[in-house]
Amino acid sequence: MPEVRVASFDRFRRSHEFWLLMVILGLCASLGFANAQFLTMQNLFDLLTSYAFVGILALGLLVVLIAGGIDISFTATASVAQYVTLSLANAYGANWISVFAIAIGIGGALGALNAIFIQKLRIPSIIVSVATLNIFYGLLIFFTGGKYIYSLPDWFATGIFWFEFEWGKDSSYGVNLQILALALAFLVTWLLLNRTNIGRQIYAMGGNADAAQRLGFHVFGLNILVYCYMGVMAGIASLIQAQLAQSVAPTVLVGKELDVVAAVVLGGASLMGGVGTVFGTFLGLTLLAVLQNGIVLLGVSSYWSPFFVGLVILISVSATAWSQRERRTRSARQ
Amino acid sequence: MSNAPGLSLRRRMVGFAGSGTVATLTLLLFALWVVFAITIGDRFFSVNTLQSMAFQMPELGILSLAMMLALLSGGLNLSIIATANLSGLTIAFLLTHYIPGSQGLAWVGIQVLAIAAGFAVAALVGLVNGFVIAYLGVSPILATLGTMTLCKGLAIGLTRGNVISGFPEPIVFIGNGTVFGVPFALIVLALCALPVALMLNATPFGARVYMIGSNEKATRYSGVDTRAVLLKLYVLSSLLAGVAAVVMLARFNSANAAYGESYLLVTILAAVLGGIDPFGGFGKVGGLLLALIILQVISSAFNLLNLSQFLTLAIWGGILIAVAAVPHFAGKAPR
Chain A
1 MPEVRVASFD RFRRSHEFWL LMVILGLCAS LGFANAQFLT MQNLFDLLTS
51 YAFVGILALG LLVVLIAGGI DISFTATASV AQYVTLSLAN AYGANWISVF
101 AIAIGIGGAL GALNAIFIQK LRIPSIIVSV ATLNIFYGLL IFFTGGKYIY
151 SLPDWFATGI FWFEFEWGKD SSYGVNLQIL ALALAFLVTW LLLNRTNIGR
201 QIYAMGGNAD AAQRLGFHVF GLNILVYCYM GVMAGIASLI QAQLAQSVAP
251 TVLVGKELDV VAAVVLGGAS LMGGVGTVFG TFLGLTLLAV LQNGIVLLGV
301 SSYWSPFFVG LVILISVSAT AWSQRERRTR SARQ
Chain B
1 MSNAPGLSLR RRMVGFAGSG TVATLTLLLF ALWVVFAITI GDRFFSVNTL
51 QSMAFQMPEL GILSLAMMLA LLSGGLNLSI IATANLSGLT IAFLLTHYIP
101 GSQGLAWVGI QVLAIAAGFA VAALVGLVNG FVIAYLGVSP ILATLGTMTL
151 CKGLAIGLTR GNVISGFPEP IVFIGNGTVF GVPFALIVLA LCALPVALML
201 NATPFGARVY MIGSNEKATR YSGVDTRAVL LKLYVLSSLL AGVAAVVMLA
251 RFNSANAAYG ESYLLVTILA AVLGGIDPFG GFGKVGGLLL ALIILQVISS
301 AFNLLNLSQF LTLAIWGGIL IAVAAVPHFA GKAPR
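Quick note, the sequences are listed as chains A and B, same order.
Per full-length UniProt numbering, the first sequence starts with residue 1, numbered consecutively.
Per full-length UniProt numbering, the second sequence starts with residue 1, numbered consecutively.
Any given hint could turn out to be false.
[Unchecked claim] To give an idea of the chain B side of the interface with chain A (calculated C-beta under 10 Å), a few residues:
1) ASP42
2) MET53
3) PHE55
4) LEU145
5) LEU150
6) ILE156
7) GLY157
8) SER262
9) PHE279
10) GLY281
11) HIS328
Derived by calculation from the structure, the hints in this document are not laboratory data.
Keep in mind that this is a model prediction, so the values were computed, not measured.
Quick reminder that beta carbons are idealized off the backbone N, C-alpha and C, glycines included.
Construct the entire structure; sequences and hints are all you get.
Okay, here's the thing in structure tokens:
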């Protein structure tokens, strides 16, 4: 048994995740030294709350990438789900269960539409999602006139605050809606990919779609599931974003799709399909969050924040590619 | 049964439309012209309308050419808009700092140098993209996502998000002037499209780009230095973004870190609509230009009909799916 453990640790040590983890730990340690604010419970909860939206979307996108597709229409899906759900809640009244049911239903339906275009019309997923991004977003703004919604139902605006506890003198923490949704999304996605038969089928389909088809996998059904899952995640993310922002702004989400793509691919998911882990996505997300948060805490003008984010993305992807290349040439020589 | 006139007509239509993207797009453009001629009438064909279309197309057109080059090799260049804004700001900074007070030859020289400096910035970004993609083996989407964020960050950091405006007459002319009624910016687009088309169709370099897009490994094993080709390709893509920068800053008479960001996905839409395979290897400049004209015709017609520009976006998306689905239906049609 110990040998097995050593071997698996050895494999982990050479993995993409290991390097990412080292970078993050290094960053956290130096930020912790430089600013006492960084390693506090307050900052941790703030980070989790503000990155929940990107995180939930990233988990949906991870599943799509593993399945060998891509979706960039999710910001438009989220905008539609958010606007329709909260307009209905304002007009007819609702509760937590019904708003999430509506948002999930809308997200799932729009996701299924993507899957149908991709599978039944045989159009590559990148083309379909560029098109549906424009269709969903264009129609939403056309019908709503791009008007913001500022008055949300009281219970929705108040949100939830569970497991409240005191830490230190005058600060209390608790699990809010954002953190709860993010944790559930991580749990469900991990279970789906690692503990279900369907999860293994998704990996197999992403690795080789033709082989999966010949093995008798229900490729169309799997695709429907994968794009619906992305849509459902977009629906959930849209509601917690509206709760955090305390308003519905139909024009602010579209344009953020590349932030989500960055988190997922930094986490090691491949655009070729079949590759990617929930842990990797968690690390990719953490890297971006820690970096942006650290820059602010170090007192660097927020105008420079994207510059450093870009620099770190470029360096980390170059270093990963370089080390993989070195390993390939070394193993080729042996 | 197969002799029934209705069926044979449909078959002929599908056969014609399915015989290539250019045929589909030409038919579509013709259909759009008929529809808009009926709904809008003479106004649609007025010199004013045509001229305003010709003024609006070049920015998106040149940026789409930049995207197309990367797509043909099986890659992607997400940094084109950020590159354009960074080099636009470089030009704008130099112009606004050194033009006031200069005269004669210096006045001309500074403008030429400013634009040259803008191109140099664009080329530098292209070199970084090309090096990281070709020599380090980073996937194009990741590499250009990095340079996109980096360039945008640099532009925002240096300008604090502010606009730089107020340029000399000749610069403004590039974006707003006409030569014999033809907008100068359209001439710039032609001056970009023609060499790119020639390069792709009539030079060994162009042939190699298509080969890399079809099968990079096979191309490398057949003795082509694929890394050098890719490096050059990303520099060219970036330089086209630099040209777009000049047209953009000239048209608005200002430069900013965030201009034209919504163009990014539209360039992919235009390229794919124009028959460029998003996985590389196939696509012609002619198809792209047709796609650009179609997008512009829809946009201008909707404008004349007083319809929302967001409805235009939705229609663009619908047309992309419809055109992309034509081969599928053409393939299914009875032969």
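Hints and how they fare:
1. ASP42: Violated, because the Cβ-Cβ distance from B:ASP42 to chain A comes to roughly 27 Å (cut-off 10 Å).
2. MET53: 20 Å, violated
3. PHE55: This interface hint is violated because 23 Å lies over the 10 Å limit.
4. LEU145: 6 Å, holds
5. LEU150: 3 Å, holds
6. ILE156: Given a least distance of 5 Å, the restraint on B:ILE156 holds.
7. GLY157: 4 Å, holds
8. SER262: At 7 Å from the nearest chain A Cβ, B:SER262 passes the 10 Å test, so the hint holds.
9. PHE279: 7 Å, holds
10. GLY281: At 13 Å from the nearest chain A Cβ, B:GLY281 fails the 10 Å test, so the hint is violated.
11. HIS328: 5 Å, holds
In this structure, the hints that do not hold are numbers 1, 2, 3, 10, in rising order.
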